Structures are given as C-alpha cells and as structure tokens.
Amino acid sequence: MELDKKIDNIIIKEKKHPTFSHHNINSYLTNLPINKTNTELMNILHYFKSEDNYLNLYQNKEFKNGLKIEVKCEMINDEDLSNNINYRESLYHNHDFFEIIYVYKGYCETIINNTKKVINSNQICLFNLQAIHKLIIPNEQTVIFNILIGKELLTETFLNLFKNTNFVSSFYINSIYNISTSNGNIVISLEDDAQFYLNHLILEFVNKKNFYINIMQSDFISLLLCITRYFEKSTNTFSRKSLGIEAEKVLDYIYKNYNHLNLNDLSNHFGYSPRTMMRYIKKNFDCNFSQLIKECKLNYARDYLLNSNYTVDEIAEKIGFYDRSHFDKVFKNQYNITPKNYRERYKNKQ
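For what it's worth, the working numbering labels the leading residue of the sequence shown as 1, then goes sequentially.
Wrong hints could be hidden among the right ones.
Unchecked claim - Below, a list of computed lysine-lysine pairs in the DSS-like style, where the Cα atoms sit at most 30 Å apart:
(1) 151 / 332
(2) 209 / 256
(3) 256 / 72
(4) 282 / 256
(5) 64 / 209
(6) 294 / 332
(7) 15 / 249
(8) 208 / 249
(9) 117 / 151
(10) 105 / 72
(11) 283 / 294
(12) 329 / 256
(13) 209 / 283
(14) 117 / 68
(15) 340 / 283
(16) 297 / 61
(17) 61 / 16
(18) 13 / 72
(19) 151 / 61
(20) 13 / 68
(21) 105 / 117
(22) 297 / 283
(23) 116 / 282
(24) 209 / 282
(25) 282 / 5
(26) 5 / 105
(27) 16 / 5
(28) 209 / 332
(29) 297 / 208
(30) 61 / 347
(31) 68 / 329
(32) 151 / 249
(33) 318 / 208
Think of the hints as simulated: they come from the structure by calculation, not from any bench. Fair warning: this is a prediction, and the values are worked out from it, not measured in the lab.
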C-alpha cells in the first residue's frame, strides 16, 4: 500500500536524523553498563527501578503548541547503534494523558502491575491514566509509534460518540473519573481499516499540512469506532445487554450527589432495583457501590489538594470525611502517601 510506503520512508529518515523520535539517552536503561562515575544517573535509575517509585509525565510538557494529539516514535536509531546500543528500557512512569502504543514493526514488551506483556507487529496497547508501566524495545528491528491523547479531547468531544459502546466508554470513562479497575491496558490486534486510520494519523502529524489537526482528530475517532465495531462483532465481553442507561450519566449523578447518596437513592433515580444497580456497577466499573463512592471522594480530594487553598481538615470535611485521621488513613491506603505530603510533593509540579 502507498500509505505503508510513506510510513516506511518516514522511519528511514528518522533512523538517520531523529526528530519526533529523539530521546534523552540518560532517561533509559540500555544494554550497556552504566558508567559508575555517573553517580547522578545511577541514583535516578536505582530510585525508579520499581513501580513503587515512578515518573509523572505531564501533558503540558509532552505536547507541543497546544496540540491534543501528539505522536512520538520509539526505535533504535543510527545514533544508538553508533554507540553500540541495541536495547532500550524506559523507567516506570505514568501520565495525565492517554497513550496508545502502536507496534509498526517487530515487537515490544511492556510491564504493568508486575506483569510483562508482549505486543506484536500490527497490535496496539491502550493505556489509561492510572497505568504505571515501562516500555522495552528489544532490538533494532522494532519500530513503535506512541499516540498521546489529551484527556480533555475525550471529555469535550469524543465520548459523546460512544454513549452506547461499552468497550470504549467503560475504559476511558473509568480512567477520566479515576475509577480503579484491573484493566490498566488493553492489547488489540488491528484490522486493515483501523490500521489505515492510524497510519494516516501519523502521516498527517509528520507532514503538518493545512487542517492536519482536524484530520488527525477525525482519524482518531474513526480508529476508535473501528476498534469498537470489531469487539462488538467478535465478543460479548463488551455487549450492550445491560441496563438501558449510559455509564457517564451514572457517574455524573454520583459525582454531583456523592456526599449524601446511597444505593437505594441511586437505584430509584434510574428506576431500577438495588440488586440490578449493583450488578450494573460491577459490570461497568469493576467495583461495588461503596468503592465507587470512595474513589469519587478521593478524586475530589486530590483535585482540592492540588488546585485549592483549603486546609487538609477542610478538604476532609468537604468530601464527607468528618474524621481527619480516617481521611488520612483511606488516602494513604489508596496512594501510599498522606494528603499533606501529596500536596507538598505535587502541587507545584503540574
């Protein structure tokens, strides 16, 4: 296909003269031993060697010129090879934007929740906002495109298109509302139509012709719709045989009324029995009602800690924890850090 040839030509140029595949050699592990005189790098790599300590990547640093879709390329380039580097492994990290790893050639490995996954050629891996992970490029044959998606692009535009598609909506909505689920990532094999839109998106990003931003967004919508159509056709995992209500409407109602809401009130509002509502919550959000309320409160807590001048005691009371010590305990159990330390560490780093 002509589109594939154009992507291949981009890769050839990138290997020789990296532009959107340029990387900081000190931010990766490689097949080469670390120079022991570089104590700063050794300390950094030692600190970030496990999922307990990880880098936070922010959209305002990773995205250029206000773009809501960014494309990066990961591969072993000629500069790496000249330095005898033929393997790269990132540090553990997460980010406040969505990521799609697209393996164009070869294969790569990702580690998330202490589990290694292999992603093969013509497969993609969707990562949510909560996923703490690392990426391994095992050889010089592997070429990966990272598609970075701003959270607001989904909340402002795309989710309205997926009101009735549980595959897309449950994965992205859960992440936007910070609902903890077991599915921090999903690996998908691409069919020809989905691969076409993904390759076309990359080409638009590289060429940057008139209206390329709009075309990239259109390609992304088409990609998600193709993926959703494939899953609806091939599996019942994300079937619509559930309540006739939309997940985002349930979450919106919970987020507006969480301080005084119980399961009976929620069920009555949508016209279903508590038992049916319990099953719906479990199926769509991978948790029970109490966990959903707790996640809601903690999500508000994090927002207040970072974006308000309320004291920690005021925040605890505002979100429904009338015992400060209990709030501290619940918050620390969830994030391995106290609310006070969370504010001190992250408030000025956004």
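Status of the hints after comparison with the structure:
Restraint check for residue 151 and residue 332: the C-alpha separation of about 25 Å stays at or below 30 Å, so the hint holds. Restraint check for residue 209 and residue 256: the C-alpha separation of about 43 Å exceeds 30 Å, so the hint is violated. Under the criterion of a C-alpha separation no larger than 30 Å, the hint pairing residue 256 with residue 72 is inconsistent with the structure, at around 37 Å. Under the criterion of a C-alpha separation no larger than 30 Å, the hint pairing residue 282 with residue 256 is consistent with the structure, at around 20 Å.
Between residue 64 and residue 209, the direct Cα distance comes to roughly 16 Å. Compliance with the 30 Å bound is thereby established for this hinted pair. Between residue 294 and residue 332, the direct Cα distance comes to roughly 13 Å. Compliance with the 30 Å bound is thereby established for this hinted pair. About 47 Å separates the Cα atoms of residue 15 and residue 249, which puts this hinted pair outside 30 Å; it is violated. Between residue 208 and residue 249, the direct Cα distance comes to roughly 37 Å. Violation of the 30 Å bound is thereby established for this hinted pair.
A C-alpha spacing of about 25 Å is found between residue 117 and residue 151, which places the hinted pair at or below 30 Å, so the restraint holds. For the given pair, residue 105 sits about 15 Å from residue 72 by alpha-carbon distance, which is consistent with the 30 Å threshold. Between the alpha carbons of residue 283 and residue 294 the distance comes to roughly 18 Å, so the proposed pair stays at or under 30 Å and holds. A C-alpha spacing of about 24 Å is found between residue 329 and residue 256, which places the hinted pair at or below 30 Å, so the restraint holds.
Our distance criterion of 30 Å between C-alpha atoms is broken by residue 209 and residue 283, whose separation comes to about 43 Å. Our distance criterion of 30 Å between C-alpha atoms is met by residue 117 and residue 68, whose separation comes to about 28 Å. Annotation: proposed proximity of residue 340 to residue 283 is violated, straight-line Cα distance about 34 Å (limit 30 Å). At roughly 28 Å between alpha-carbon atoms, residue 297 and residue 61 fall within 30 Å of each other, so this suggested pair holds.
Among the hinted pairs, residue 61 with residue 16 is consistent with the structure: their alpha-carbon atoms are about 25 Å apart, no more than 30 Å. Restraint check: the Cα-Cα separation between residue 13 and residue 72 comes to about 14 Å, which is no more than 30 Å; the hinted pair holds. As the CA atoms of residue 151 and residue 61 are separated by approximately 14 Å, the hinted pair is consistent with the 30 Å bound. Only pairs whose Cα atoms come within 30 Å are accepted, and residue 13 paired with residue 68 is accepted, the gap being roughly 25 Å.
For the hint pairing residue 105 with residue 117, the CA-to-CA distance comes to about 16 Å; that is within 30 Å, so the pair holds. The hinted pair formed by residue 297 and residue 283 meets the criterion: a straight-line CA distance of about 21 Å does not exceed 30 Å. Distance hint between residue 116 and residue 282 is fulfilled; the C-alpha atoms sit about 26 Å from each other, no more than 30 Å. This hinted pair does not check out: residue 209 and residue 282 have alpha carbons roughly 45 Å apart, beyond 30 Å.
Distance check on the hinted pair: residue 282 and residue 5 sit about 46 Å apart at the alpha-carbon level, beyond 30 Å; violated. Between the alpha carbons of residue 5 and residue 105 the distance comes to roughly 13 Å, so the proposed pair stays at or under 30 Å and holds. Of the pairs offered as hints, the one joining residue 16 and residue 5 holds, with about 17 Å between alpha carbons and a cut-off of 30 Å not exceeded. A distance of roughly 48 Å separates the Cα atoms of residue 209 and residue 332; the hinted pair therefore is violated under the 30 Å criterion.
The suggested pairing of residue 297 with residue 208 is violated, with an alpha-carbon distance near 42 Å, which exceeds 30 Å. About 16 Å separates the Cα atoms of residue 61 and residue 347, which keeps this hinted pair within 30 Å; it holds. Between residue 68 and residue 329, the direct Cα distance comes to roughly 36 Å. Violation of the 30 Å bound is thereby established for this hinted pair. For a cut-off of 30 Å, the pair hint linking residue 151 to residue 249 stands: about 18 Å separates their Cα positions.
Of the supplied pair hints, the one linking residue 318 and residue 208 is violated, its CA atoms being roughly 47 Å apart against a limit of 30 Å.
In the structure shown, a violation is registered for the earlier hints numbered 2, 3, 7, 8, 13, 15, 24, 25, 28, 29, 31 and 33, in ascending order.
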